[in-house]
Amino acid sequence: MSLFLASTRKDLARWRQDTNALLLFLAIPLLIGGLITVLMSGSGGAKPHGTVLIVDQDDTFLSGVIAGAFGQGELGELLTVKKVTVEDGMANMDAGEASGLLIIPKGFTDAFFDKQPVTLILKTNPAQTILPGIISDVTEILLDAGFYAQQLFGEDIATIRDGNLEGLPDDVFVSAIAVSIQHKIEASGSLLFPPAMDIDIVPPPPEQPRIPYALLFLPGVILLALMFAANGLASDYWEEREHGTLRRLVYAPGQLTAFLAGKALAAGLVITLIGGVTLVIGFLYHGIAWSKLPSSLAWIAISGVALFSWFGALQMLAGNRRSGNLITSMLLFPLLMAGGSFFPFAALPDWIAALGRRTPNGFIADRLTTEITSATTWAIDIQSWLIVSTMAVLGLALCAWRLQTGFARN
Amino acid sequence: MLVISNLLKQYGDLVAVDDISLRAEKGTVFGLLGPNGAGKSTMINCISGLLRPTSGSVSVGGFDIVDDPTDAKKLLGVVPQELALYEDLSAIDNLRYWGKAYGMRGEDLASRAKEVLGNIGLADRSKDLPKTFSGGMKRRLNFACGIMHRPHLILLDEPTAGVDPQSRQRLFDMVEAERRHGACILYTTHYMAEAEQLCDSLAIIDHGKLIAQGTVAELRAKLGARDVLQLSGAFPGDSSQQAIQKLVNNGLSDLELIAQEEQNITMTLSDASQHLPAIFAALAEVGGNVSETSLRRPNLETLFLLLTGKELRE
Numbered sequence: 153m154s155l156f157l158a159s160t161r162k163d164l165a166r167w168r169q170d171t172n173a174l175l176l177f178l179a180i181p182l183l184i185g186g187l188i189t190v191l192m193s194g195s196g197g198a199k200p201h202g203t204v205l206i207v208d209q210d211d212t213f214l215s216g217v218i219a220g221a222f223g224q225g226e227l228g229e230l231l232t233v234k235k236v237t238v239e240d241g242m243a244n245m246d247a248g249e250a251s252g253l254l255i256i257p258k259g260f261t262d263a264f265f266d267k268q269p270v271t272l273i274l275k276t277n278p279a280q281t282i283l284p285g286i287i288s289d290v291t292e293i294l295l296d297a298g299f300y301a302q303q304l305f306g307e308d309i310a311t312i313r314d315g316n317l318e319g320l321p322d323d324v325f326v327s328a329i330a331v332s333i334q335h336k337i338e339a340s341g342s343l344l345f346p347p348a349m350d351i352d353i354v355p356p357p358p359e360q361p362r363i364p365y366a367l368l369f370l371p372g373v374i375l376l377a378l379m380f381a382a383n384g385l386a387s388d389y390w391e392e393r394e395h396g397t398l399r400r401l402v403y404a405p406g407q408l409t410a411f412l413a414g415k416a417l418a419a420g421l422v423i424t425l426i427g428g429v430t431l432v433i434g435f436l437y438h439g440i441a442w443s444k445l446p447s448s449l450a451w452i453a454i455s456g457v458a459l460f461s462w463f464g465a466l467q468m469l470a471g472n473r474r475s476g477n478l479i480t481s482m483l484l485f486p487l488l489m490a491g492g493s494f495f496p497f498a499a500l501p502d503w504i505a506a507l508g509r510r511t512p513n514g515f516i517a518d519r520l521t522t523e524i525t526s527a528t529t530w531a532i533d534i535q536s537w538l539i540v541s542t543m544a545v546l547g548l549a550l551c552a553w554r555l556q557t558g559f560a561r562n
Numbered sequence: 022m023l024v025i026s027n028l029l030k031q032y033g034d035l036v037a038v039d040d041i042s043l044r045a046e047k048g049t050v051f052g053l054l055g056p057n058g059a060g061k062s063t064m065i066n067c068i069s070g071l072l073r074p075t076s077g078s079v080s081v082g083g084f085d086i087v088d089d090p091t092d093a094k095k096l097l098g099v100v101p102q103e104l105a106l107y108e109d110l111s112a113i114d115n116l117r118y119w120g121k122a123y124g125m126r127g128e129d130l131a132s133r134a135k136e137v138l139g140n141i142g143l144a145d146r147s148k149d150l151p152k153t154f155s156g157g158m159k160r161r162l163n164f165a166c167g168i169m170h171r172p173h174l175i176l177l178d179e180p181t182a183g184v185d186p187q188s189r190q191r192l193f194d195m196v197e198a199e200r201r202h203g204a205c206i207l208y209t210t211h212y213m214a215e216a217e218q219l220c221d222s223l224a225i226i227d228h229g230k231l232i233a234q235g236t237v238a239e240l241r242a243k244l245g246a247r248d249v250l251q252l253s254g255a256f257p258g259d260s261s262q263q264a265i266q267k268l269v270n271n272g273l274s275d276l277e278l279i280a281q282e283e284q285n286i287t288m289t290l291s292d293a294s295q296h297l298p299a300i301f302a303a304l305a306e307v308g309g310n311v312s313e314t315s316l317r318r319p320n321l322e323t324l325f326l327l328l329t330g331k332e333l334r335e
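Just so you know, the protein sequences line up as chains A and B, in that order. Using the numbering used here, read the first sequence as starting at 153 and increasing by one per residue. Using the numbering used here, read the second sequence as starting at 22 and increasing by one per residue.
Hint data in this document are derived by calculation from the structure and do not stem from the laboratory. Each hint can be trusted.
Taking lysine to aspartate or glutamate and the DMTMM-like style, the derived pairs with C-alpha atoms no more than 20 Å apart in a straight line are: (1) B:K152 <-> A:D170; (2) B:K152 <-> A:E394; (3) B:K152 <-> A:E391; (4) B:K159 <-> A:E394; (5) B:K159 <-> A:E391; (6) B:K148 <-> A:D170; (7) A:K267 <-> A:D211; (8) B:K152 <-> A:D388; (9) A:K275 <-> A:E239.
Could you put the whole structure together from the sequences, leaning on the hints where they help?
Here's what the structure looks like:
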């Protein structure tokens, strides 16, 4: 126990001397994470918005209804309706400043009531994909609605228009129109009520809280910090060997496993500190519930020890320090790329994401994502905790084996 | 305190330590002498438990280093030839850490660390990092880490290599102090003068073999009063040997030819300086040409030369 804690204290004291390295472990992921967050901010929930230009040459009530339809309800959130002249409209379209241009010709209303053909002109912006389609669909729906209204109530509308009414219409006239409309509705009632089609209204699934894209980067950025720190600290085995302190340790009666466990604890504390700072910054930025902090920190701590132990084992399996650094560096960057540190799993093709989740860091990042985005705390399943704990123990066992089979003696 | 019995260490066909037996007692300094590559460090590594002997045994204070390593290592302090320090840990923290590695704790640990720092003259630098120390200061701290736990047997492997005279003397003082406290010290070196100054008894090894063992006085007696004469130049093989034999036959009866090569002749004889003209004349007669002469009084260095036919530091 004495050597275990002495080993921890010794390494913490030594590593504290190298503040530049510690700051670098922290600065690299914060820099990358900050850049990614800035680039991704606001892209998560923004709706497209465009302008529809209306040239109303008819300037009647009916043409006004068509123009106004684009600004109603949810359509109004997507489109701004702007009345323009033909020249201004064409100029705006040529400049690519609008999503669509609708020209309602003079005589549109008369042609409508007289059941005469009439042409509306719609120009859309080919540089856009979504909004021009919406404008085109809305225009067709409006025209279809007008056609059916004309077919059903055309005579009544013509009667009203041709009534040459002066002042208010008398009661008989109004009653006759009303009765005529009522009869037509009743006649078509068997078709309309109930509707010929059976509509099964499926309630939408309860709305999932939208996860901002930048938040999905947070676990990857934290893993970036963890991987850099674990890899950097693991090279300390070579430092100890080259300074002869491992050999001196073999002279002593103390257990190498106590030394190893002490070093792993020190590394775990440093990695937790570095990962914890990144985590706290992420919590503050994304407004994550603080109740999730203890569980997230615990996950980072155990994961940090596991990563450190495996990087350490790889270093000790290498023939010399340079080979050790080369091997771990060759592993580090592909693992970071596949494991979601540069691209979150949500942005990767499914098969790559599935592979990435099976990398050690990808597995850790995936579970951390679960922890910080779920509705509950301690959301990581017990199997995952066991897997990471087993990884840590196996890595340390490999280190102990390597220390006892020559690494410490040479 | 230290009993080595028939120690053998082989690496494949190479025999690094060849059937060596020796014994060192408490309160003594035992010198292990030999040139580089003689097998001294391999022996130290076998004694310290770093290497497992091929055969034979090493017992420290009655505990076998292979069968009972924990108890044996508690009694053992090793000061390795290369520095073994945490350069980024303060001097006192280095001592505390190594004390804890040997099971020390509490007040005993704290007071011993201060005491040892004082003994090595680094009390005022206790909080400083070794990377700011001079080479000699690091050597002293390296020594201190090895004796922190008051070992009964101290293995000193070439402790003065590359050390300035002042630090060397301080190291000698520390070795003397440990001896006075009853420790047994196994001191390896290839500096004969150091061995003569410090050691109570000695073993000389070469090519892994023990070639002489005894107290300094006993080993000196082996030499008698004969000087060692080394001649350099050009010496025709057989005729030079015959010329020297002729000198022996003509009255220089204690002259002994130790080694003869084409360019070097080594011999021992009493009062060599008196006989130099006769020796030169005899060699000149057979075509020999002396370009350099070295005459040394008997000491351990010359004993080594006598035993092996070569210089200790070759």
